[in-house]
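Chains V and Y, in that order, are what the protein sequence lines are. Per the numbering used here, the first sequence starts with residue 1, numbered consecutively. Per the numbering used here, the second sequence starts with residue 1001, numbered consecutively.
Check each hint, because a few of them may be wrong.
Here are a few chain Y residues that face chain V, going by a calculated C-beta distance under 10 Å [what the hints assert, rightly or not]:
1. N1031
2. G1040
3. D1059
4. I1060
5. G1063
6. M1088
7. G1105
8. G1107
Have a look at the derived ranges for each label pair, beta carbon to beta carbon [to be verified]:
9. Y/V1052 <-> V/I110: 43 to 51 Å
10. V/S65 <-> Y/K1070: 12 to 20 Å
11. Y/R1073 <-> V/K94: 20 to 28 Å
12. V/P7 <-> Y/T1086: 25 to 33 Å
13. V/Q79 <-> Y/F1020: 36 to 44 Å
These aren't lab readings, by the way, just hints derived from the structure by calculation. Each residue gets a CB set at the ideal place from its N, CA and C atoms; glycine is no exception.
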Amino acid sequence: GQNIDQPTEMTATEGAIVQINCTYQTSGFNGLFWYQQHAGEAPTFLSYNVLDGLEEKGRFSSFLSRSKGYSYLLLKELQMKDSASYLCAGPSEKGNTPLVFGKGTRLSVIA
Amino acid sequence: DVKVTQSSRYLVKRTGEKVFLECVQDMDHENMFWYRQDPGLGLRLIYFSYDVKMKEKGDIPEGYSVSREKKERFSLILESASTNQTSMYLCASLDRRQSYEQYFGPGTRLTVT
Chain V
1 GQNIDQPTEM TATEGAIVQI NCTYQTSGFN GLFWYQQHAG EAPTFLSYNV
51 LDGLEEKGRF SSFLSRSKGY SYLLLKELQM KDSASYLCAG PSEKGNTPLV
101 FGKGTRLSVI A
Chain Y
1001 DVKVTQSSRY LVKRTGEKVF LECVQDMDHE NMFWYRQDPG LGLRLIYFSY
1051 DVKMKEKGDI PEGYSVSREK KERFSLILES ASTNQTSMYL CASLDRRQSY
1101 EQYFGPGTRL TVT
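Isolated chain Y, as found in the complex (with noise of 0.2 Å):
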């Protein structure tokens, strides 16, 4: 069973804070990503990543910045955290050799206040 796990289920930030989001596969999948979800808005991607060392940006990638130094873990960054950025961080990943399919993260609801 693959598992992708999120450091957090839960984070409250202040604003200006640096925030570290941090995802891990344990299914050795070569593809990861990370999307924010807002009611009204569904899931955006904001960057991924096709492989260790690689990334690309996403449809919202502003005020972010993505690492992945290993091939399991691919982190998110909010170099200075903002109140619009209060939202559900999910991350997925695939293996492009298996399937398209995504297996996402429990996700990690984000406050910013």
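In isolation and in its complexed conformation, chain V is listed as follows (with noise of 0.2 Å):
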């Protein structure tokens, strides 16, 4: 089935860039996704690309390398209200109902 790894943990400083990354299996592949979660509450959705590149969202940005199987997530301007949990998802071998959850980056951001 489908692994998704992600790092444990990072801490960064306010008003810098830190890019979190993302490695999944590419068999079957339909699209990758990151959601941010801030403690105590739900995920809500941040981002979807299927396609090779980077798609830019104001002070967020995510990249996939479908080859690689790999995907990042960077952040920029960092504020600290951005402390919280990152999770990448992948299609499961089913498609992308149901997704396969990472574990999740705890991001601390520190004055």
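Using the hints, put the two standalone chains together into the complex.
Shown next, in the form of structure tokens:
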């Protein structure tokens, strides 16, 4: 089945740029998702990449390389409110429903 | 705005009790999901449903069952609660005809004592 790998924790400074990496198995690929989850809250959708390349949405961008089974989430001009867990999710053997979630990367933004 | 609601934010039950967790979505979504989330283990899929009266097992269905009698409601049932079912339970829904974005409910933190 699908295996999603991402770092467990990261720390970055307010105003800086941080890149959160995610690797996945490439067979039967349908797209890769990023979700943000603040402590004690539900995950919320950030991005969905199905084609190679970088997609930018304000301070957040997401990159995909299908041949390498690799994605990253780029957060620019970090703010304290960006402290959260970031979940990478990819398709299961049944496609995009249901998804397989990585364990999440807990990002701490410090002053 | 899609809204997914769950019946309780916090719940405390005793070992052996039957527990019902309710989830309701208001956007006519076909697909609904139940996950549990534990520290260090991430989100794990318990059961999901493609449509009314349809259900499929996820990765960790043991000790759980589900019911989907109406399109908007997906219930998770713990037949006989055990302490290892203490967790955060998250419900989600999506409509594949529109996008694959999953909309999550606020979660129910269940403690089994």
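Review point. Range hint 25 to 33 Å: satisfied by the CB atoms of V/P7 and Y/T1086?
Key: 27 Å, holds
Check your understanding: Hint check: is the beta carbon of Y/G1040 less than 10 Å from a beta carbon of chain V?
Key -> 7 Å, holds
Practice item. Tell me if Y/I1060 is really an interface residue toward chain V, meaning its C-beta lies closer than 10 Å to one of theirs. Key: 12 Å, violated
Review point. Between Y/R1073 and V/K94, does the C-beta distance stay in 20 to 28 Å?
Key: Roughly 23 Å apart at Cβ, these two residues keep to the hinted range, so it holds.
Point to revise | Restraint check, 10 Å cut-off on beta carbons, for Y/D1059 near chain V | key: 8 Å, holds
Check your understanding: In this structure, is the beta-carbon distance linking V/S65 and Y/K1070 contained in 12 to 20 Å?
Key -> Between V/S65 and Y/K1070, where Cβ atoms are some 42 Å apart, the hint is violated.
Point to revise | Minimum beta-carbon distance criterion (10 Å), Y/G1063 to chain V | key: It is violated, given that the least Cβ distance between Y/G1063 and chain V is near 19 Å, above 10 Å.
Review point. Any CB of chain V closer than 10 Å to the CB of Y/N1031?
Key: Given a least distance of 6 Å, the restraint on Y/N1031 holds.
Exercise for review: Can you let me know if the beta-carbon spacing of Y/V1052 and V/I110 is within 43 to 51 Å?
Suggested key: 48 Å, holds
Exercise for review: Mind checking the CB of Y/G1107 against every CB in chain V and telling me if the closest is under 10 Å?
Suggested key: 6 Å, holds
Review point. Holds or violated: is the Cβ of Y/M1088 closer than 10 Å to a Cβ in chain V?
Key: 9 Å, holds
Practice item. May I ask you to test the hint 36 to 44 Å on the CB atoms belonging to V/Q79 and Y/F1020? Key: Since the Cβ atoms of V/Q79 and Y/F1020 sit about 40 Å apart, the hinted range of 36 to 44 Å holds.
In the structure shown, a violation is registered for the earlier hints numbered 4, 5, 10, in ascending order.
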